[in-house]
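Undergrad: Sequence:
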Amino acid sequence: MKKRSLPKTAKRLLAAALIMFLFCGCYILGVNFYVILSQKENILSTQEAARLDKVDYVLVLGCGVKEDGEPSHMLYERLKTGAEVWKNQSGALLLLTGDNSGESYNELAAMKKVSLENGVKEENLAIDDYGFSTYESLNNAKTKFGAKKIIIITQPYHMYRALYIANKLGIEAYGVTAYLPFYPQQIVWSLREVLARNKDFLLCALG
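Heads up: the sequence shown begins at 41 in our numbering, then just goes up one per residue.
Hints listed in this document are in silico derivations from the structure and should not be mistaken for laboratory results. A quick note: this is a predicted structure, and the numbers were derived from the prediction, not measured. Any given hint could turn out to be false.
Unchecked claim - Distance ranges between label pairs, derived from CB positions:
{"no.": "1", "residue 1": "Asp93", "residue 2": "Ala56", "range": "50 to 58 Å"}
{"no.": "2", "residue 1": "Gly159", "residue 2": "Arg91", "range": "15 to 23 Å"}
{"no.": "3", "residue 1": "Ala56", "residue 2": "Ala90", "range": "54 to 62 Å"}
Don't be surprised by glycine CBs; every beta carbon is placed ideally from N, CA and C.
Assemble the whole structure, with the sequences as input and the hints as a guide.
TA: As structure tokens, then:
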């Protein structure tokens, strides 16, 4: 029995769809690796960051808090690292930026509490309640807080995008990575970060 073959039009559409899929995949991966490679040299150790001068802010990017209002393990590590880096920066403020969208969810309250517990004085804190995304946090650092030179604190997988955005906004930015606890969903977050890098790459290009 003779097998049916796809009509020529269907074959052409299938080939076009395959080429488009491959092109999009290559583009997404290309942007992803470009963002990473362009910022690798800006990631420093705590000791290297201590040698930087005229830093305006040590900026800690917010992330999840628990139902009881306590910081997640990931956020706690960012705050601990932020306080450590800040102590070596004469004249810099510790800028806490995150989501304070309501009474039931307040990253900044938890971030401020932990920072004070880690030896940062209240007069050395700056608070950005409108850091609803990485882009907004860094844009606010420039437009609302006048940041020209900063040290960003976040986990490694998130750092490249944060540094890329900051530098594209005209901020001289360096990063010190916080410890990344093990999370079963980390693979999902890392894959999502690939798409987020592409999103903010376009946002920076258009903005």
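Undergrad: It remains to establish, for every hint, whether it holds in the given structure.
TA: Evaluation of the provided hints:
Taking the beta carbon of each, Asp93 and Ala56 are about 56 Å apart, inside 50 to 58 Å as hinted. Evaluation of the 15 to 23 Å hint for Gly159 and Arg91 yields a pass: the beta carbon distance comes to about 21 Å. Range check, Ala56 to Ala90: Cβ separation about 55 Å, and the 54 to 62 Å hint holds.
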